[in-house]
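Each chain is listed here by its residues.
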Amino acid sequence: MSPHILLRNRDIASLNRIEIYKKYGGFTAVEKAVTKLTPAEVLNEVKESGLRGRGGAGFPTGVKWGFLPNSIWPHYVVANADESEPGTFKDREIMESNPFQFLEGLMIASYAVQASTAYIYLRGEFWQLAAELDRCIRDMEKAGLLGDKIYGRDFSLRIYTHLGAGAYICGEETALLESLEGRIGQPRLRPPFPAVAGLYGKPTLINNVETIANLPPIIEKGATWYRTIGTEKSPGVKIFSLSGCICKPGNYELPLGTSFRELIFTHGGGTPSGKTVKAIMPAGASSSLILADENALDTPMDYESVPALGAQLGSASMIILDEDTSIADVVAKTSHFFKHESCGKCTPCREGTYWMSHLAQRIAGGEATSNDIDLLYSVASQIENKCLCPLGEFSIMPVISGLKHFRKDFEDRIK
Amino acid sequence: MNPSLSPSSPEVQTILSKYPPEHTRSAIMPLLFLAQRENGYVTKDQITQIASLVRVTPTEVASVVGFYTLFHDEPGGWYRIQVCTDLPCLMKGADMFLEQLCANIGIKVGETTPDGMVTIEEVKCLAGCHRAPMFQVQSPEGITYHENQSVKSALGVIEKLKENKPGEEKA
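Just so you know, the protein sequences line up as chains Y and A, in that order.
Each residue of the first sequence is one higher than the one before, counting from 1 in this note's numbering.
Each residue of the second sequence is one higher than the one before, counting from 1001 in this note's numbering.
FYI, nobody ran anything at the bench for these hints, they're computed from the structure.
It is possible that part of the hints are untrue.
Stated by the list, open to error - Taking lysine to aspartate or glutamate and the EDC-like style, the derived pairs with C-alpha atoms no more than 20 Å apart in a straight line are:
no. : chain 1 : residue 1 : chain 2 : residue 2
1   : Y       : LYS345    : A       : GLU1060
2   : Y       : LYS404    : Y       : GLU262
3   : Y       : LYS408    : Y       : ASP324
4   : A       : LYS1018   : Y       : GLU19
5   : Y       : LYS275    : Y       : GLU304
6   : A       : LYS1018   : Y       : ASP139
7   : Y       : LYS202    : Y       : GLU181
8   : Y       : LYS36     : Y       : GLU19
9   : A       : LYS1044   : A       : ASP1073
10  : A       : LYS1165   : A       : ASP1095
11  : A       : LYS1018   : Y       : GLU181
12  : Y       : LYS47     : Y       : GLU232
13  : A       : LYS1162   : A       : GLU1038
14  : Y       : LYS23     : Y       : GLU181
15  : A       : LYS1018   : Y       : GLU178
16  : A       : LYS1152   : A       : GLU1141
17  : Y       : LYS32     : Y       : ASP11
18  : Y       : LYS149    : Y       : GLU232
19  : Y       : LYS32     : Y       : GLU141
20  : Y       : LYS248    : A       : GLU1060
21  : A       : LYS1018   : Y       : GLU232
22  : Y       : LYS202    : A       : GLU1022
23  : Y       : LYS32     : Y       : ASP134
24  : Y       : LYS408    : Y       : GLU232
25  : Y       : LYS142    : Y       : ASP154
26  : A       : LYS1018   : Y       : GLU48
27  : A       : LYS1018   : Y       : ASP148
As the list claims (entries may be wrong) - Partner residues aside, some chain Y positions facing chain A, computed with beta carbon under 8 Å:
no. : residue
28  : PRO86
29  : PHE89
30  : GLY124
31  : LEU180
32  : GLU181
33  : ILE184
34  : PRO192
35  : PHE193
36  : ALA195
37  : ALA197
38  : SER243
39  : CYS245
40  : ILE319
Note that the structure is a prediction, hence the values are computed from the model and not measured.
All C-beta atoms, glycine included, are put in the ideal place defined by N, C-alpha and C.
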């Protein structure tokens, strides 16, 4: 197996210590960027690499960077470390075990968009992790890697952690900004996009932790090297968080385009029950359910192939469901999650998730009539395309796909 | 006045220094965490103090307390045992784990033990799906994760927490 690019902590012990990180080539990429490349050249290298946002949307990272106007200042960089999608635990491992690669990436991103302040927005539950990152930031300050005139050049940067306090919606970038500004986490109307009017109304680059951790290897080894990994349209590696009915749950760093079968059986060891995989949720609770037939299992996990199965790769939080699992229970669970996490701003989401949860619980609890199944579908359909942010949209994915592929599971619970 | 929220307190100063002076409002959430270090919940007085520190109305601070699940405006147990029962944890028996944990401690979800030490809560995904069943403990001292748990190991964790509780018993 080739060495890890992101989870290098799996190959090198104590990589969360600055001297060990330096010993293994740490900070050479940011030094190269700051001393040998212009911000525009850094941006171009990232664009050429084909890196796409790892938080879920898969938007080309370099293109996103290019949206920040050079006519409005200051620029801000915000790392999205809110990681709250059920089934996702990859950013946590990066920050816990390879924090300096993430922080070095944050320096590179800040240099590229010429920001002198970067915030790391962590979900509030990552309390201990924030304290560890604060320690890492202090180590970097002592080493002269943060502060003024970094590498003797006209580049200043300060990095601060900021804890959320338990709200899934704050992973959505405009809700995150509201929260960082000290408000309740409700999404903003777009446009303007954060790249133009973000934190404090200023141009702001928001990238996911895993996206940022990709930057040092890209700058160090180049876009051409990066493109030798993964597929043409989805280059690079991805961390797949594997959970649910699986023998070996955990994070697996694999090239994009690896098949579901390889992840689930070669790496994950199949289901503990030894039974057939019934369904896969590739993007956590926000995911459409994929019917795990032979064709699906042989499908490459990348940003183009997964949509062909009617789902999204998203943050690649793979929840595996075996044939003993009733999809009626799954949908009751996910609907309850979204009901709890809806911020309440848009009526279709606020009311719709409430009723979906109510109906799904009633069906799962064996208290429903067959009319309730149709009503559940009807409520879900009425949320579609009617909300400001994707939460409402996400909430209906398991419902619609569950009813489409596994309607019998719901009918079996009817009185 | 609670000394930890005084404008001259070093901790308040450190928090405020993270944000541009014209955007001190960003300090509301970190200040609320600081306030909760006192007793594990935020009082009306503290809300007023924070509002005055960042120059907004107390209502605006209170709305933040109400929105986020890690802020509490009522006393609970010194240790809040927050068990995740979301889908991946459910697949690993988190529902049963929570039920048996409650039965062993003798309280229901949302209730607090008579000694005021422990509240059990059911929470949403904590990014520990691969190490289910799992829970976090929120207390005035902060938040700690406890993963790959059994009912027996969880009861052990709770016993240890009770023994190590700093300061005097709560009234």
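To see whether the hints hold, each was checked on the structure:
| no. | hint | verdict |
| --- | --- | --- |
| 1 | Y:LYS345 to A:GLU1060 | holds (17 Å) |
| 2 | Y:LYS404 to Y:GLU262 | violated (26 Å) |
| 3 | Y:LYS408 to Y:ASP324 | holds (13 Å) |
| 4 | A:LYS1018 to Y:GLU19 | violated (27 Å) |
| 5 | Y:LYS275 to Y:GLU304 | violated (29 Å) |
| 6 | A:LYS1018 to Y:ASP139 | holds (17 Å) |
| 7 | Y:LYS202 to Y:GLU181 | holds (12 Å) |
| 8 | Y:LYS36 to Y:GLU19 | violated (24 Å) |
| 9 | A:LYS1044 to A:ASP1073 | holds (8 Å) |
| 10 | A:LYS1165 to A:ASP1095 | violated (28 Å) |
| 11 | A:LYS1018 to Y:GLU181 | holds (12 Å) |
| 12 | Y:LYS47 to Y:GLU232 | holds (14 Å) |
| 13 | A:LYS1162 to A:GLU1038 | holds (17 Å) |
| 14 | Y:LYS23 to Y:GLU181 | violated (38 Å) |
| 15 | A:LYS1018 to Y:GLU178 | holds (16 Å) |
| 16 | A:LYS1152 to A:GLU1141 | violated (24 Å) |
| 17 | Y:LYS32 to Y:ASP11 | violated (24 Å) |
| 18 | Y:LYS149 to Y:GLU232 | violated (38 Å) |
| 19 | Y:LYS32 to Y:GLU141 | holds (19 Å) |
| 20 | Y:LYS248 to A:GLU1060 | violated (46 Å) |
| 21 | A:LYS1018 to Y:GLU232 | violated (41 Å) |
| 22 | Y:LYS202 to A:GLU1022 | holds (13 Å) |
| 23 | Y:LYS32 to Y:ASP134 | violated (25 Å) |
| 24 | Y:LYS408 to Y:GLU232 | violated (39 Å) |
| 25 | Y:LYS142 to Y:ASP154 | holds (19 Å) |
| 26 | A:LYS1018 to Y:GLU48 | violated (34 Å) |
| 27 | A:LYS1018 to Y:ASP148 | holds (16 Å) |
| 28 | PRO86 | holds (4 Å) |
| 29 | PHE89 | holds (4 Å) |
| 30 | GLY124 | holds (5 Å) |
| 31 | LEU180 | holds (6 Å) |
| 32 | GLU181 | holds (6 Å) |
| 33 | ILE184 | holds (4 Å) |
| 34 | PRO192 | violated (18 Å) |
| 35 | PHE193 | violated (20 Å) |
| 36 | ALA195 | violated (19 Å) |
| 37 | ALA197 | violated (14 Å) |
| 38 | SER243 | holds (4 Å) |
| 39 | CYS245 | holds (5 Å) |
| 40 | ILE319 | holds (6 Å) |
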